[in-house]
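**Student:** Sequence:
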Amino acid sequence: MFTAMLGEAWHAMGANRLRTFLTMLGMVIGVSAVVLMMAIGQGAEAAVKRSISAMGSNLFVVLSGPPTAGGARSATGNAPSLNVKDANAATELDGVIGVAPVTMGKAQIVFGSNNWNTDIIGTTPSYLEIRGWSLSDGYAFSESDLRSATRVALIGKTIVQNIFGDNIDPIGKTIRIKQSPFVILGVLDSKGQTLDGRDQDDTIIVPLTTAQRKLFGNQLPGSVRQIMVQAESDNTMSMVEEGLNSLLNQRHNIREGAESDFSVRNLTAIANSAAETTRTMSLLLGAIASVSLLVGGIGIMNIMLVSVTERTREIGIRMAIGARQRDILLQFLLEAIVISIVGCLIGIAIGVGGAIMVNTITKAEIIISVNSVAIAFGVAASIGVFFGFYPARKAARLNPIEALRYQ
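With full-length UniProt numbering applied, the sequence shown covers 1 to 407.
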């Protein structure tokens, strides 16, 4: 019985191909939009999560210079108000498991006939551990290199590609940074982009003392641009932040109520906020796309009501030869479900194809998950049942005698 009804539903769809196609089009557009928007949203969410993971966990960055100057916001990190002794003092705070003073700048590097302008980070060996940054090749510099201000460097993947290419092993090679020779000890693992789009792999890391004495000699002796601080866990973040503010205010002789000459930023909170924003945008994209599914369902109901009116005499004949109300209900309900499911399958194919095309053209990360496809399919089938039920119920409740008289 069910197979026969399914065949009848397919035949009824084929009898009015254009109308069936136009009815199905709403579901096709709706499902493809949902699949595509969810793929884009999940891809963006994954990219943000990867950036957060690459940044490190439970991190604070203390920037030198006041956040405002004369009532106007200033560029933190420029005024030399922090020094190495501040970083050493921060290691004594409760809940702190890692501290790394950092100074930085940009410089031109040269190897043979190749040159590249990149970011130079001067820091201590603990920086790699705090950032969770491992090496793909070679080894890191040591505390001995830090004390001796040795001219050694760790380079990122972007620099390897642009300076050495694929055929030269950079380990042990000598590059020139601001005319000073540096020996490459190791190659950093790829970190990708930060949340603000900067390429973390376009970086060279050297010992802090080397950067201060031989690269950025115009800075005050012992001064640093920022201090990276890692808390023990999420639960100690608030305590560590309060401790940092209190310690540095005390060390810099800043009176209570006066403006600090530094700023403490919770990188983990900023990253989590960005992740939450991306997640909300992903859900919003899916919700907006789902509206087209609702429109497609209304289209199915409209056409099914027209179909019931056109086939009133057919319904009367079916009832006259023994069809029960539930048989008529199932017949028209199956037609609505078949339209929605076929439209859903076409929409999934178009949505997946569209996502792949977006990835190919824009190089943006796209994630097509089984869950998003299953959700789109389930919602589309449910809409077919929901919006097809009323026309099917109306058909099943027709009076057989009046249906036979219908012209």
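Everything labelled a hint here was simulated from the structure, so no lab data went into it.
Here the structure is a predicted model, which means the values were calculated and not measured.
Don't take every hint at face value.
[As the list claims (entries may be wrong)] DMTMM-like, lysine to aspartate or glutamate: derived pairs with alpha carbons at most 20 Å apart:
id: 1; residue 1: Lys191; residue 2: Asp137
id: 2; residue 1: Lys49; residue 2: Asp169
id: 3; residue 1: Lys214; residue 2: Asp327
id: 4; residue 1: Lys157; residue 2: Asp199
id: 5; residue 1: Lys191; residue 2: Asp202
id: 6; residue 1: Lys178; residue 2: Glu143
id: 7; residue 1: Lys49; residue 2: Glu242
id: 8; residue 1: Lys191; residue 2: Glu45
id: 9; residue 1: Lys49; residue 2: Asp327
id: 10; residue 1: Lys394; residue 2: Asp327
id: 11; residue 1: Lys157; residue 2: Glu92
id: 12; residue 1: Lys214; residue 2: Asp145
id: 13; residue 1: Lys363; residue 2: Asp327
id: 14; residue 1: Lys157; residue 2: Asp169
id: 15; residue 1: Lys106; residue 2: Asp199
id: 16; residue 1: Lys214; residue 2: Asp234
id: 17; residue 1: Lys363; residue 2: Asp169
id: 18; residue 1: Lys173; residue 2: Asp199
id: 19; residue 1: Lys363; residue 2: Asp199
id: 20; residue 1: Lys85; residue 2: Asp169
id: 21; residue 1: Lys85; residue 2: Glu143
id: 22; residue 1: Lys106; residue 2: Glu242
id: 23; residue 1: Lys85; residue 2: Glu242
id: 24; residue 1: Lys173; residue 2: Asp202
**Student:** Now look at each hint and say whether the structure bears it out.
**Tutor:** Here is what the structure says about each hint:
{"no.": "1", "hint": "Lys191 to Asp137", "result": "holds (15 Å)"}
{"no.": "2", "hint": "Lys49 to Asp169", "result": "violated (32 Å)"}
{"no.": "3", "hint": "Lys214 to Asp327", "result": "violated (88 Å)"}
{"no.": "4", "hint": "Lys157 to Asp199", "result": "holds (10 Å)"}
{"no.": "5", "hint": "Lys191 to Asp202", "result": "holds (10 Å)"}
{"no.": "6", "hint": "Lys178 to Glu143", "result": "violated (24 Å)"}
{"no.": "7", "hint": "Lys49 to Glu242", "result": "violated (27 Å)"}
{"no.": "8", "hint": "Lys191 to Glu45", "result": "holds (16 Å)"}
{"no.": "9", "hint": "Lys49 to Asp327", "result": "violated (52 Å)"}
{"no.": "10", "hint": "Lys394 to Asp327", "result": "holds (13 Å)"}
{"no.": "11", "hint": "Lys157 to Glu92", "result": "violated (35 Å)"}
{"no.": "12", "hint": "Lys214 to Asp145", "result": "holds (14 Å)"}
{"no.": "13", "hint": "Lys363 to Asp327", "result": "violated (52 Å)"}
{"no.": "14", "hint": "Lys157 to Asp169", "result": "holds (12 Å)"}
{"no.": "15", "hint": "Lys106 to Asp199", "result": "holds (14 Å)"}
{"no.": "16", "hint": "Lys214 to Asp234", "result": "violated (38 Å)"}
{"no.": "17", "hint": "Lys363 to Asp169", "result": "violated (29 Å)"}
{"no.": "18", "hint": "Lys173 to Asp199", "result": "violated (23 Å)"}
{"no.": "19", "hint": "Lys363 to Asp199", "result": "holds (16 Å)"}
{"no.": "20", "hint": "Lys85 to Asp169", "result": "violated (38 Å)"}
{"no.": "21", "hint": "Lys85 to Glu143", "result": "holds (16 Å)"}
{"no.": "22", "hint": "Lys106 to Glu242", "result": "violated (32 Å)"}
{"no.": "23", "hint": "Lys85 to Glu242", "result": "holds (19 Å)"}
{"no.": "24", "hint": "Lys173 to Asp202", "result": "holds (18 Å)"}
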